[in-house]
Structure formats: C-alpha cells, structure tokens
Amino acid sequence: MNNNSFKKEIAGIFTRAAPTYDQVGFRFFYYFGKRLVELMKIPKNSKVLDVASGKGALLFPASKKVGPQGSVIGIDLAEGMVQKTTEKIVKSGFSNAKMIEMDAENLKFHDDTFDITLYGFCIFFFPQYKIALNESYRVLKPYGRIGLSTFCKNAFNNIKWIDDLIEKYLPKNKEKDKEEEPEDSDFKTIEGMQKILIKAGYKDVHKRY
Numbered sequence: 250m251n252n253n254s255f256k257k258e259i260a261g262i263f264t265r266a267a268p269t270y271d272q273v274g275f276r277f278f279y280y281f282g283k284r285l286v287e288l289m290k291i292p293k294n295s296k297v298l299d300v301a302s303g304k305g306a307l308l309f310p311a312s313k314k315v316g317p318q319g320s321v322i323g324i325d326l327a328e329g330m331v332q333k334t335t336e337k338i339v340k341s342g343f344s345n346a347k348m349i350e351m352d353a354e355n356l357k358f359h360d361d362t363f364d365i366t367l368y369g370f371c372i373f374f375f376p377q378y379k380i381a382l383n384e385s386y387r388v389l390k391p392y393g394r395i396g397l398s399t400f401c402k403n404a405f406n407n408i409k410w411i412d413d414l415i416e417k418y419l420p421k422n423k424e425k426d427k428e429e430e431p432e433d434s435d436f437k438t439i440e441g442m443q444k445i446l447i448k449a450g451y452k453d454v455h456k457r458y
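Going by the working numbering, the residue at position 69 of the sequence shown is 318; the numbering climbs one at a time, nothing skipped.
Please note: incorrect hints may appear among the correct ones.
Have a look at the derived ranges for each label pair, beta carbon to beta carbon [claimed, not checked]:
id	residue 1	residue 2	range
1	Lys340	Gly450	36 to 42 Å
2	His359	Asn253	23 to 29 Å
3	Arg387	Glu440	37 to 43 Å
4	Leu288	Lys437	14 to 20 Å
Listed below are the simulated DSS-like cross-link pairs for lysine-lysine, each with C-alpha atoms no more than 25 Å apart in a straight line [stated by the list, open to error]:
id	residue 1	residue 2
5	Lys437	Lys296
6	Lys283	Lys257
7	Lys437	Lys456
8	Lys283	Lys452
9	Lys257	Lys290
10	Lys390	Lys448
11	Lys337	Lys314
12	Lys390	Lys379
13	Lys390	Lys296
14	Lys337	Lys448
15	Lys456	Lys290
16	Lys337	Lys379
In case anyone wonders, no lab produced these hints; they're calculated from the structure. We put the beta carbon where it would ideally sit given N, CA and C, even for glycine.
Take the sequences, apply the hints, and build the full model.
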C-alpha cells in the first residue's frame, strides 16, 4: 500500500467513526486534550493550528484559551471528522474556531502563520511524519511552539483488545522507507519523542506531564 492509499484508508476509517467517535468508549482524548492545552499555556489572542483535530479534543479548549481575538484552525484528513466537528463548532457558538480538510504533510498556509501547533495522539498515524513536523515548523512564527502528546510504552497492557483492534483494522503501509521509519519505541518514550523533534529542527524540547 503506497502513502496516498494509506492516507485514504486512514481517512476513511476515521470518517466512518466520526458520528460516534466522542460518544462511545474511552473519553481520555478529551481529558488529555484539555491537559495538553493547559500545559502549553496558550496566551490570549494566539493563532493556533490543531493538527489531526478529530472531534476537537484540543480545538475547543484551545479556543477558550485564545479568546475572541485569537483563532484556532483544526485540520483533518477525514472528511467526516471535519463535517461533524464543524457542526459542533456552530452548535457551541465558537466564532474563533474552524475546521478544514487538509493533509498535515502538505499544509496550505503561508510561512510564519501560527503561534502554536498542537498534535494530540496523532503523529504515529502519519506515513511521512518528518514531512508533517517540517511543515508545522514552516508555518510556525519565529519563537512559535509545538505541543505534542503520544501514548507511553505499555500504555495498553491491561486493555489488550485495543492493540488487537489496531492490528486488525488499521492498514499497514509497506511503502514506508524503513530507514526513515522510527522504532516503535521512539513514539512511546520521552527520549524517543525528543529525538524525533530535535531531528526535525525543534529546539528547547521539554517534557511535561
């Protein structure tokens, strides 16, 4: 499966999941979305990009932080997620937030556009994660910041059925360049994520809980 086919398959999975994505199962995405926004200490009037926004676990708390003069743009490759989250934005009355269907590896924004970019539990889905991180770096203003969350190693040891579902339903992308693909543990450890971000050009990389 090539990269484009892989992206379409992933987008299709999340589009089909969109109607019930925030209504069944665990709600830790919303807890940790709010937590990441808190840790980022987003100033009022900031311009924020929420990558792979899904149903807005980070978008909505970030919108509250930036205030009416700030803005939050959520992007997602899944059309269904964009549609459903747009409906939530309208229903909730947020005038400073919007959703756009867009590929994180090919951002349609000018350089130096955003004060902050956010990645909530999504970096490991990107077939070319380095390109996505480079694109985020490009659209960040000088001294802009990135906030990223991921699962820790052995996070699902006691709920193995999640791993079983991932193995069964998420497609494998055999076209990935193995030399470019990080070890699984890189996405699941603090040291691994720090290494990934530093290689992408980010400086002053810190861990927060």
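Taking the hints in turn, this is what the structure says about them:
With their beta carbons about 39 Å apart, Lys340 and Gly450 fall inside the hinted range of 36 to 42 Å. The beta-carbon spacing between His359 and Asn253, approximately 25 Å, falls within the hinted interval of 23 to 29 Å. Taking the beta carbon of each, Arg387 and Glu440 are about 26 Å apart, not inside 37 to 43 Å as hinted. Between Leu288 and Lys437 the Cβ separation comes to about 19 Å, which falls inside the hinted range of 14 to 20 Å.
The hinted pair formed by Lys437 and Lys296 fails the criterion: a straight-line CA distance of about 29 Å is larger than 25 Å. For the suggested pair Lys283 and Lys257, the alpha carbons sit about 28 Å apart, so the restraint of at most 25 Å is broken. Proximity of Lys437 to Lys456 is assessed by CA-CA distance (about 13 Å); at most 25 Å being required, the pair is judged to hold. For the suggested pair Lys283 and Lys452, the alpha carbons sit about 24 Å apart, so the restraint of at most 25 Å is met.
About 34 Å separates the Cα atoms of Lys257 and Lys290, which puts this hinted pair outside 25 Å; it is violated. A distance of roughly 19 Å separates the Cα atoms of Lys390 and Lys448; the hinted pair therefore holds under the 25 Å criterion. Taking the CA atoms of Lys337 and Lys314, the gap is near 18 Å; set against the 25 Å cutoff, the hint holds. The straight-line distance between the Cα atoms of Lys390 and Lys379 is roughly 19 Å, inside the 25 Å bound, and the hint therefore holds.
Proposed proximity of Lys390 and Lys296 is supported: the alpha carbons are some 10 Å apart, at most 25 Å. Distance restraint check for Lys337 and Lys448: the Cα-Cα separation of roughly 36 Å exceeds the 25 Å cut-off, and the hinted pair is therefore not satisfied. With a C-alpha separation of about 14 Å, the suggested pair Lys456 and Lys290 falls inside the 25 Å cut-off, and the hint holds. Restraint check for Lys337 and Lys379: not satisfied, since their Cα atoms lie roughly 31 Å apart, outside the 25 Å limit.
Checked against the numbered hints listed earlier, the structure breaks hints 3, 5, 6, 9, 14, 16; every other hint is satisfied.
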